[in-house]
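So the protein lines, in turn, are chains A and B.
With UniProt numbering applied, the first sequence corresponds to residues 1 to 192, in that order.
With UniProt numbering applied, the second sequence corresponds to residues 1 to 192, in that order.
Note that these hints are calculated values from the structure, not bench results.
Virtual Cβ for every residue (Gly too), placed ideally from N, Cα, C.
Incorrect hints may appear among the rest.
Claimed, not checked - Per label pair, the in silico range of CB-to-CB distance:
| no. | chain 1 | residue 1 | chain 2 | residue 2 | range |
| --- | --- | --- | --- | --- | --- |
| 1 | B | Ala124 | A | Gly34 | 32 to 42 Å |
| 2 | B | Asp123 | A | Pro138 | 17 to 27 Å |
| 3 | A | Ala32 | B | Glu42 | 27 to 37 Å |
| 4 | B | Lys131 | A | Gly34 | 44 to 54 Å |
| 5 | B | Pro138 | A | Asp56 | 37 to 47 Å |
| 6 | A | Arg46 | B | Lys63 | 13 to 23 Å |
| 7 | A | Thr106 | B | Glu41 | 41 to 51 Å |
There are 2 protein chains.
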Amino acid sequence: MTLRVLGVDPGLTRCGIGVVDVERNRRATMVAVGVVGTSPEETIDRRLLVIAEAIDEWLELHKPDVMAVERVFSQLNVSTVMGVAQASGVVIAAAARRGIPVALHTPSEVKAAVTGSGGANKDAVTKLITKILRLDAPPKPADAADALALAVTHAWRAGSGAAAATTGPGSNALTPAQRAWAEAEAKARRGR
Amino acid sequence: MTLRVLGVDPGLTRCGIGVVDVERNRRATMVAVGVVGTSPEETIDRRLLVIAEAIDEWLELHKPDVMAVERVFSQLNVSTVMGVAQASGVVIAAAARRGIPVALHTPSEVKAAVTGSGGANKDAVTKLITKILRLDAPPKPADAADALALAVTHAWRAGSGAAAATTGPGSNALTPAQRAWAEAEAKARRGR
Chain A
1 MTLRVLGVDP
11 GLTRCGIGVV
21 DVERNRRATM
31 VAVGVVGTSP
41 EETIDRRLLV
51 IAEAIDEWLE
61 LHKPDVMAVE
71 RVFSQLNVST
81 VMGVAQASGV
91 VIAAAARRGI
101 PVALHTPSEV
111 KAAVTGSGGA
121 NKDAVTKLIT
131 KILRLDAPPK
141 PADAADALAL
151 AVTHAWRAGS
161 GAAAATTGPG
171 SNALTPAQRA
181 WAEAEAKARR
191 GR
Chain B
1 MTLRVLGVDP
11 GLTRCGIGVV
21 DVERNRRATM
31 VAVGVVGTSP
41 EETIDRRLLV
51 IAEAIDEWLE
61 LHKPDVMAVE
71 RVFSQLNVST
81 VMGVAQASGV
91 VIAAAARRGI
101 PVALHTPSEV
111 KAAVTGSGGA
121 NKDAVTKLIT
131 KILRLDAPPK
141 PADAADALAL
151 AVTHAWRAGS
161 GAAAATTGPG
171 SNALTPAQRA
181 WAEAEAKARR
191 GR
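Just chain A, with the same shape it has in the complex (with noise of 0.2 Å):
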């Protein structure tokens, strides 16, 4: 079976946006990525629409198992933060809007599952997606290579989450995510 995740990198004058399909075995192949941008001179109304009405046409184009999303934290300025924050709030209600469970994972934790390392920088993090995804050239902007790299990650920590929890009593502490692709395997599995 195949888990199809849609990353995003939230923000409000970049949205990073990557759509990849995971295999059981890890291997992992982009379906499509993109970035929507908004003008910082257009109201945030209107911006925070533009990027509502994007998401909403990814999310019935692709129709994802699961959404990742990158956790907001305050190494930004105020301002930018604050931005980031609304432009998560519209991605995640989309999701949940249609019923899609929602991961969220820090940055860190996007560097060590692609790099091997949680403190590696931006560049390594687009070089390794590029090779993970056996990608011609790496995906440009760096938003849209961080959504990539953020889907990648969700599928293979839920996939050890899922499979972990399947021989234990933990399974009450599975993300909604990691319970969606554990219902997704023992699906698949029934349908053998």
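Once you have looked at the hints, place chain B on chain A.
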């Protein structure tokens, strides 16, 4: 003519919502007030969905001319401010989807408009909004009172802004909400 404003004091745990009708002579009347609450034990996607659906219902039922939302600042701790920003993003996008203009006001602006002092405390705001709206008892909780105060603040500020702008070249500086008020005023004058 009357301007109907839906005010929102955004938050994940308690999101205050208030609707007021404000006449040209600044007389304000409460139409509805309420609070949408979500539990911190719920997942973020579930919490944002509950808020999104509630706002949709309020917009559908009350059909405001404009939405006024409290501008989020970082005076709170980081995790709280993130949730507030995410909720505000969802609320603003809901209005934008319906073509309803959105205006942001700071807590100081609300205090100044309602009490005459930007440094007033919350109790003073609640007390005065109760008097302004001729209510028998103070709206509870504080988030509900804040939402009503935001709505009144917006109408009063937009009204004076529009009045000033019609006499000078400053109309380009109007917010969308102020333009909505100015246009509604012009329409009302033509209709007489």
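Hint check:
no., hint, verdict
1, B:Ala124 / A:Gly34: 32 to 42 Å, "50 Å, violated"
2, B:Asp123 / A:Pro138: 17 to 27 Å, "57 Å, violated"
3, A:Ala32 / B:Glu42: 27 to 37 Å, "31 Å, holds"
4, B:Lys131 / A:Gly34: 44 to 54 Å, "53 Å, holds"
5, B:Pro138 / A:Asp56: 37 to 47 Å, "40 Å, holds"
6, A:Arg46 / B:Lys63: 13 to 23 Å, "21 Å, holds"
7, A:Thr106 / B:Glu41: 41 to 51 Å, "21 Å, violated"
Of the numbered hints listed earlier, those contradicted by the structure are 1, 2 and 7.
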